[in-house]
Structure formats: C-alpha cells, structure tokens
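Chemist: Residue-level listing of the chains:
Number of protein chains: 2
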Amino acid sequence: MQIILLSGGSGQRLWPLSNDVRSKQFLKIFDNGECMLQRVVKQIRRTNSNASITIATADKQVPLIKKFLGDEFDLSPEPCRRNTFPSIALAAAYLHEVKRIDLNESIIVCPVDPYVDDNFFALFTTLAAQVADTPLVLMGIAPTYPSEKYGYIIPQTADNISRVVTFKEKPNLADAKKFIAAGALWNGGIFAFKLGYVLDKAEKLLGTSAHDTLKKIYADLPNISFDYAVVEHEKKISVVRYSDEWKDIGTWNTLTEVLASNSIGQVQSDATCANLHVINNSDVPIICMGLRDAVVAAGPEGILVSDKVASSYIKPFVERLDKQIRFAEKSWGSFKIIDVESESLTVKVTLNRGSRMRYHSHERRSEVWNFIAGTGRIIVDGLEKIVRAGDVIQLPIGSKHTVIADEPLKIIEVQFGCDITIDDKIIWQEMN
Amino acid sequence: MQIILLSGGSGQRLWPLSNDVRSKQFLKIFDNGECMLQRVVKQIRRTNSNASITIATADKQVPLIKKFLGDEFDLSPEPCRRNTFPSIALAAAYLHEVKRIDLNESIIVCPVDPYVDDNFFALFTTLAAQVADTPLVLMGIAPTYPSEKYGYIIPQTADNISRVVTFKEKPNLADAKKFIAAGALWNGGIFAFKLGYVLDKAEKLLGTSAHDTLKKIYADLPNISFDYAVVEHEKKISVVRYSDEWKDIGTWNTLTEVLASNSIGQVQSDATCANLHVINNSDVPIICMGLRDAVVAAGPEGILVSDKVASSYIKPFVERLDKQIRFAEKSWGSFKIIDVESESLTVKVTLNRGSRMRYHSHERRSEVWNFIAGTGRIIVDGLEKIVRAGDVIQLPIGSKHTVIADEPLKIIEVQFGCDITIDDKIIWQEMN
Numbered sequence: 001m002q003i004i005l006l007s008g009g010s011g012q013r014l015w016p017l018s019n020d021v022r023s024k025q026f027l028k029i030f031d032n033g034e035c036m037l038q039r040v041v042k043q044i045r046r047t048n049s050n051a052s053i054t055i056a057t058a059d060k061q062v063p064l065i066k067k068f069l070g071d072e073f074d075l076s077p078e079p080c081r082r083n084t085f086p087s088i089a090l091a092a093a094y095l096h097e098v099k100r101i102d103l104n105e106s107i108i109v110c111p112v113d114p115y116v117d118d119n120f121f122a123l124f125t126t127l128a129a130q131v132a133d134t135p136l137v138l139m140g141i142a143p144t145y146p147s148e149k150y151g152y153i154i155p156q157t158a159d160n161i162s163r164v165v166t167f168k169e170k171p172n173l174a175d176a177k178k179f180i181a182a183g184a185l186w187n188g189g190i191f192a193f194k195l196g197y198v199l200d201k202a203e204k205l206l207g208t209s210a211h212d213t214l215k216k217i218y219a220d221l222p223n224i225s226f227d228y229a230v231v232e233h234e235k236k237i238s239v240v241r242y243s244d245e246w247k248d249i250g251t252w253n254t255l256t257e258v259l260a261s262n263s264i265g266q267v268q269s270d271a272t273c274a275n276l277h278v279i280n281n282s283d284v285p286i287i288c289m290g291l292r293d294a295v296v297a298a299g300p301e302g303i304l305v306s307d308k309v310a311s312s313y314i315k316p317f318v319e320r321l322d323k324q325i326r327f328a329e330k331s332w333g334s335f336k337i338i339d340v341e342s343e344s345l346t347v348k349v350t351l352n353r354g355s356r357m358r359y360h361s362h363e364r365r366s367e368v369w370n371f372i373a374g375t376g377r378i379i380v381d382g383l384e385k386i387v388r389a390g391d392v393i394q395l396p397i398g399s400k401h402t403v404i405a406d407e408p409l410k411i412i413e414v415q416f417g418c419d420i421t422i423d424d425k426i427i428w429q430e431m432n
Numbered sequence: 001m002q003i004i005l006l007s008g009g010s011g012q013r014l015w016p017l018s019n020d021v022r023s024k025q026f027l028k029i030f031d032n033g034e035c036m037l038q039r040v041v042k043q044i045r046r047t048n049s050n051a052s053i054t055i056a057t058a059d060k061q062v063p064l065i066k067k068f069l070g071d072e073f074d075l076s077p078e079p080c081r082r083n084t085f086p087s088i089a090l091a092a093a094y095l096h097e098v099k100r101i102d103l104n105e106s107i108i109v110c111p112v113d114p115y116v117d118d119n120f121f122a123l124f125t126t127l128a129a130q131v132a133d134t135p136l137v138l139m140g141i142a143p144t145y146p147s148e149k150y151g152y153i154i155p156q157t158a159d160n161i162s163r164v165v166t167f168k169e170k171p172n173l174a175d176a177k178k179f180i181a182a183g184a185l186w187n188g189g190i191f192a193f194k195l196g197y198v199l200d201k202a203e204k205l206l207g208t209s210a211h212d213t214l215k216k217i218y219a220d221l222p223n224i225s226f227d228y229a230v231v232e233h234e235k236k237i238s239v240v241r242y243s244d245e246w247k248d249i250g251t252w253n254t255l256t257e258v259l260a261s262n263s264i265g266q267v268q269s270d271a272t273c274a275n276l277h278v279i280n281n282s283d284v285p286i287i288c289m290g291l292r293d294a295v296v297a298a299g300p301e302g303i304l305v306s307d308k309v310a311s312s313y314i315k316p317f318v319e320r321l322d323k324q325i326r327f328a329e330k331s332w333g334s335f336k337i338i339d340v341e342s343e344s345l346t347v348k349v350t351l352n353r354g355s356r357m358r359y360h361s362h363e364r365r366s367e368v369w370n371f372i373a374g375t376g377r378i379i380v381d382g383l384e385k386i387v388r389a390g391d392v393i394q395l396p397i398g399s400k401h402t403v404i405a406d407e408p409l410k411i412i413e414v415q416f417g418c419d420i421t422i423d424d425k426i427i428w429q430e431m432n
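Protein chains in written order, with the numbering used here: chain L, 1 to 432; chain W, 1 to 432.
Hints are supplied without guarantee of correctness; some may be wrong.
[As the list claims (entries may be wrong)] Have a look at the derived ranges for each label pair, beta carbon to beta carbon:
1. L:A271 <-> W:G33: 37 to 47 Å
2. L:P63 <-> W:K149: 51 to 61 Å
3. L:T208 <-> W:Q394: 56 to 66 Å
4. L:E407 <-> W:K42: 50 to 60 Å
5. L:D159 <-> W:G265: 56 to 66 Å
Think of the hints as simulated: they come from the structure by calculation, not from any bench. Just so it is clear, the structure is predicted and the values come from calculations on it, not from any experiment. A virtual CB, placed ideally from N, CA and C, is assigned to each residue, including glycine.
With the rest of the complex left out, here is chain L (with noise of 0.2 Å):
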C-alpha cells in the first residue's frame, strides 16, 4: 500500500497565522508543540506499518516539511499551485515512474487536516482491499449536521462497506438535508484505488501521464478537483464507514474545538468571556471582554476577530489583503517584516545554528546587518570575517554576501533603495 498525503493548500481560511508559505497544517497547536502533518504521519505510521507515504506538496512548502518531518519522506512537489487532480496525477506518476511502482498496487489519497482517532487511519487496510473489487473506494463519514461545505456520498446499503448510488459534492441546504434523509455519508477526502487507475485517468483528462511532461505543463493544467474530474464521473464507487468522530480543522471555528488551551500566547480575558478562543502569536498583548463565541488571532500578518460560525466564511476577506508576506519561516530560519518606508525595508532574520545564506548579491539596494544575537561569519565579496553581537555590517549594491550560523544568529536587516523587491537577487555559486 502506498499512500499520497496531501499538504498544499493555501491556508487562507486560517488567515491570519497562514499563508501562501506558513500552510495550516504547520500550526503549532497541539500541547506536545506538534502541528497537524506531525500528528497525521503519526497515526499513519502506528496504524498502517507496512506503508510508504509520499507527500504531495506546493514547492516553496518542501523546506518546511522537511523542517517538521525531517528528510526521510518521498516528496512530490508541485511547480505552482494546482487543485487535487494534477497533484494526484503528478504525485501518481512519479510513484511509477521513480519509485517503480507496480500499477496494481493499492494507493490511498489522504489530506492532511482529519482530526481523527487513530481507527480512522486503521480503516485504510479495507479500502485498500476494496479496490479489487471497485476502481474506486472512498471513506464515507458518519454526518452531524446538513452542511454545505462537503461532499455527500449516498450509499446502496447501510453496510460498513457498501457500492455507491450517488456522489454529490457541496450540495446546497435543502439537497444535503435530503441526502441525509436518504442515508447519506460526508465525503471524507480520502480515495483509494489502484496505480494505473489514475494514470489512466491522467492520459485521458491532461493528455499525458508522464512524470516529466507534466512537470513541465503543471501551469496549463486545469485547476480542477479530484472529486470533480474523477469521482463525479465514476460509476463503479465503493464506500467504507465511518462513524467516530470526525474534524477536518480546515477553519478556526473546526480548529479551536481541537486547540489544547483557550488561550495562546500573551491574552488576558475577562470573566464574562465564554466559547473564546485566542491565539496571540503578536508580540503585543491582547485584552478580551465580554466576548463569546468568538475567536481572536493575531500575528505578524494581521489580525482576525471573529464570531466562530462566521470564520468560516474568511475566504475572500483574505483574498482582498495586500499579499505581501510579512513573516516567514523557512528551512534556515525565519524572516519578519518590522519596518516598510518608501525607500527603506527592516527585516529581523532569524538563523538556526549551522544554517546560511545562499551567497547573493542585489542590483537596486544597499543593505545594513546588524547583528543583535549570536555568532557567526559573513563571507563579502569573497573575504571572511567573524561576526557576533553588537558588529554592523554594511553592505553597498552590488556586493556579493553570505552569513553562516556557528550559533544562533539573529539579525536586524535594514534593506535601502528605492525599488525593492524579492526578485532584485542574484546568485553566485562561489564564494570567492
């Protein structure tokens, strides 16, 4: 059994403690300090030993799974941002391709936000089973309430394992109220079917099925669902119930009822305050009154204060806001945006011990380090030199520059030009 974990995903409706880069499922929210990839590879491992997981990803998130999960996982990383479909397919074809993967072998596609008991990844044995018998399988989950967020499958009989009548995905009320009626179960994410299945479903629907061509074309490919392209499509669908608790914490009103505290963070609330939940990853404290049923985050991106049930509905609020990504964690480090003037940028970089820069140079800006903390080198323009706190660094346009972390470094950046930008970088291989 091979299993394809998905963790791209934007990460918009948990604005703002998400982004482009910093994706939900890297939250920190659990007691242990553990965010939602680290539990869910967790309850993988325990429950299904024999698997091989590869995880499909947006490129610019591979230095943070690699941060959270270390480099002992198969990566399938997207060139840019397309729906479930292509990153299936992509991640299907370097499973054949590099990995070698016989096409009869059972591949199960999960995401990366259920918040389930272990007993929920236990089942992926029978749907990986029930793909002898069905060309498609996918976990049905016991419904609560009519909601128009997700997908309804309405199976032929009540069994725990069943062939499928109807697949619709987000009905409007009044449907999802009669497919309840009708016995109906919540799409959980998951599908299960073989290796050349998809391939299959790839050459037919992208044209191609070949690892590197669809590398190549991934921007042209439609940006379409898998339960769009395929499931909808399908006539022969088998489903496996579920009938446990089940969360997906795509939004802060599904992930607070998980959050291990009612508070993150520096927040003092009063004592009428009730259903609140607070996540203060600013650096300023926050005072709550009087609240209830709400949910208050703030970070370096923003801040949101929101009536629980409506959070869910963040979307296009976020997609309104200025895109510039004001902090960052990456593989080396992290970075913070603390200033922006007309002609001038402040960045606060922060470097794990043993980490560095790539050596690079920049055409339109002037650059200062300072440095508040820790040891280390800067190499510039080809000449080494000791840095510790207290020294500045400066750095004039067109210099070639390097720092390298023998401790913890952190570093207040003051970025001067007047047409600064991420692109104005250019990278050298050699150091001097």
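Using the hints, position chain W against chain L.
Modeler: The following block gives chain W in isolation, referenced to the frame of chain L:
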C-alpha cells in the same frame, strides 16, 4: 474669570491607544483631525472670550500639550501623578503667586473630557457669578440612567440654580436609582470657587498653599480627588443645572459614540457586523466578522477586543500589563519599539523638521543609527557631519551624540547591551 483645565489622567481606560504619555485627550478622533483637548479649548474660547486658561497637566505631557496647542497657554505641570485636589491646589497657587490673580477672582475648574455643545461652556459665566453667594458651585447634569460611575448632587429645588442638599460620589446601583428618583443630578466635574477658597483648603489639608513648597513636596501629597477632599465636606454648595446632551468620553463605550467613522485604519468587516467600531493604529490589517456591539482597538502597545459595555471595566486588566511604553508621540517627533531581544532593542525614531535630540551619551549601551529617510546633521563627540537616508552611524558606549533634523528624519536605532534602560542617559549641555 480664570479657567483651570485639567488635562492629566492616565488614559488607561482607552488602552491600547492611550497610555501614561499619550493620553485620551490627545487622540485625534474627530473628522477634522482634532483631539478632545483642541475641541474643548476652542469651545471655551468661543463661549468665554475674556477667560484666561491655565492647563494643569502631568510633567511628561507638556511636550504633547505644546504640540497640539502651541505655546500660548499657561501651564501648571505636576511633578508626578496625583489626584485632582493636589493638582487644583498647585494650579491655584500658580495663579496666585505667578499670575498675581486676586484672591476674590472666580475660578472654574474643567476637565478635558466632556463631549458637549457650546452652551455647556456658556454656563461658566453663571457659575462664576454664583460664587458670590456660595463658596462652591457645581455643574449638575440631568442624568439619563442610574450610573455607578458618577457623583450625584441632590438639589434643594428643580430650578436652574439651586442650593445643594447632599452630594454623594459613585453610589451603588440601588442608591443611584433612589437619588435619581429624588431629582438628583450627575456631577459634571466642573467646580467654581474664589481663588482664596481653594488656597485656604490647601493650607488646611496639605499644610501649605505656597507654590514652591507644593512643587517640592508634591510626591508626598495625598492622592485624593477634589470631590472627596473638598466637595463632600462643604456645607454651602450651589448647583447650576445643564439639561442638554452630555458625554464623558473616558471609556471606549462612550468614545465610540462620538467617533466620526465606524472604522479607522486598515479594516474589513463583514455584513453581519453591527454597532462595531474598529480603530486600527497598528500596521497590519484587521478582519472582523459577525461582531455586534463591540469595539476593537489595536496599536503598538496592544490589542483590545471588547463588548462595548464591558469595555468600561478595562482598568484592572491594563494595570496588570507590563508598563513598557512601546510608542510615544513627542514634541520633536515620535518613537516606536519594533523589536525586543534580551541584549538589544530596536526603535524607529522619527524627528520633525528642525527638531533635535538633546546632546547625550549612554554608559551601558552602544547604538547604531540606520538613517532610512530625510537629511540632517549629527554631532558625535563634538564633530558635526551631514547625514541622509542610507547612512549608518555607530555610536560606541560613552560617545556623546545628537542629531538635528534639517528635513523630517527617520532612523532605525539598534541599541546593544545587556542592561538597556531609559535611565541610562547622560545629558551634556555643550556640543563640543
């Protein structure tokens, strides 16, 4: 007629946008960009053209008073924060000894937070005249509900001018209801008396009415309000009735009633928000969803999210906060702390055109000035040098330094040291 305008106050109830330095009367909340201080001063001048105004304020607020009002007012600065009785006594001593005001002259004491029409201030003439009949005259506000926040005045008659039967500061709800049923008025915080009257009280209660002595022993004076010290013990009081709209804008709940707009700064709110005010003085966007009867205020010091009524009770929560001031407006410009580490502090300093720092040095920290906008001159250890955006100046421990802004200057100042405090500053008079 002499008017003492009380413009001290900690502004804790309007946290995070006001603090010990930047108090509520300086918040620019009106359409025309004015603050309460400017509004009240204009109203007094319009309605009492012959009156002379003396502003009783905190020492550290003097620069802001000058910034908003210029240099044309008499100031009576308190050496430290005390309540209204010491503050009024000090201002009275100033009027007597420095301004040589006659002991029989009528004095009107007026706080800076009544949000009212001009006819409120027009009544000052009536109060001043009434001082001939009773030693103490109050302004009585027709109450609108049994508030526990105000003092209650029970007049003998329902006439526009009446003798006072009883005065009670901040009663409980039951008593407040009884008082209102008995025809009570709220105490509007206006006191009228002859100059000699309050100097006598100072002599009796504080042991002196001499200006220099009061200044010298100010820190040891009792922290007592004029209401408790004088009004509650005076047998002969008159009250002048005011029946029009009156608001004290000392809390978010009342302040938001007079705000020109429901949102200030980068704010998005969804269609389900109602009776919501958002004041965003931070540099990140705020999204609000599904909030009712609430106020959100964000700035460099913190974030408040509160039900409007509950917001009146914020004070104890603010008192529990770390009191480090992260942002302040000064007569010469402003400063904002943008990064805090154990052995460094990064501050954005803005200097207005023509302003300068005092010539100073530090014993336990070095500094780096990264000039990010403007032009000016620095003097370091007696040597003058022109600086402009892009320049970086290192100031070792002990170096004497200042900067003069020839054009508006912006500096990212990085402070290095393991013991960074605001006390570590030695002021030097000579420049070379």
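Chemist: Of all the hints given earlier, name the ones this structure violates by number, lowest first.
Modeler: none
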